[in-house]
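*Asks:* Keeping their order, the protein sequence lines are chains H and C. Reminder that position 36 of the first sequence reads as 36 in this note's numbering, one-by-one numbering, no gaps. Reminder that position 85 of the second sequence reads as 1085 in this note's numbering, one-by-one numbering, no gaps.
Rather than coming from a laboratory, the hints here were simulated on the basis of the structure. This one's a predicted model, so the numbers in the text were calculated from it and none came from an experiment. Beta carbons: idealized from backbone N, C-alpha and C, even for Gly. Worth double-checking, as some hints may not be accurate.
[Stated by the list, open to error] Derived CB-CB ranges, DEER-like:
(1) C:Arg1132 x H:Ala79: 53 to 63 Å
(2) C:Asp1144 x H:Gly2: 53 to 63 Å
(3) C:Gly1171 x H:Leu86: 43 to 53 Å
(4) C:Trp1184 x H:Ala46: 48 to 58 Å
[To be verified] Over the 10 Å line for every Cβ pair with chain H, so calculated as not near, a few chain C residues:
(5) Ala1131
(6) Tyr1147
(7) Ser1166
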Amino acid sequence: MGVWLTAAGAATAVNIVLLVALLVIWGRNYRQFRSKHALALSLFAALLLAENALAFYYYVLDPQVATLLNNAAPVAGRAMMFVQVLELGALVVLTWSAFD
Amino acid sequence: MGTGTAAVTGLTGTASARFGDDEDGEDDTEVGATYTALAVGLLEPPEDTDGRAFDVVLAADVASLSDRFGRKSAGGMRSRSGSSRARPARVGIINTRGGTLPEGMEGVLWYVLTGTRGGANRARILQTIEARPRNANQLAEELDLDYKTVRHHLDVLTDNGVVEKSGDDYGAVYLLTDRARHHWDTVEEIIAEVD
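This is chain H alone, in the form it adopts within the complex:
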């Protein structure tokens, strides 16, 4: 549980940084181009940012809830933490391409 929680917490923190960077790029592009595409990307970043902020709160700021949930359903808890790490992988690639 310790390692998982640390990994998920770290991944969530990096996700937040990447999403803020993406939101800045896409938000700026939306202001500039007013395109549906840039709007969709901005919205996507904003919503995923909200999800990661919540996860960050659970995993890092108030791990009590995470521990509680994890004890109640260890497999599901671990799977949820793993999702955070998967998101990190996806966001790294997305950020890499958006900074092109």
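With the hints as your guide, set chain C onto chain H.
*Replies:* Chain C only, in chain H's frame:
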């Protein structure tokens, strides 16, 4: 309609011969649709061709057709098959097909122009190139951008099949690809917001 019929027949004959050689299998359905539209009632839509190969076939045919009908070549746009044949009337013919080029291009344009950090400058570069093909140096000067920045944008645009280099030598000019030209209204729509 004598010449019209001859043209369509010639087009069909050569094109069908070339389709058999093609190994790639992308975008077949759209190419098939185009083919039918161009050679109505003369041939079944080919099953396994790729959009690029078809463009070349089309261009080569148009070139030979204009030769046959004594039209003057309008200049040597590049050819993807490596043949140095000029491609006159290419734009005219391909543009009349309407909506048959790979649909993915539109998404590429939106992404490369509005989904990335350098989008606005890329839009300016495209606009400048569309007016007249230029090399990286001329673009840097005209748009008041760093040479390296321009090079980078051109690389990204090339990688995404939006522009292409004419020739390999230093200082070669860049021009829009057929696909970008075909979707130019999309580019204009995007650019309109920046100006």
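*Asks:* If you check each hint against the structure, which ones fail?
*Replies:* 4
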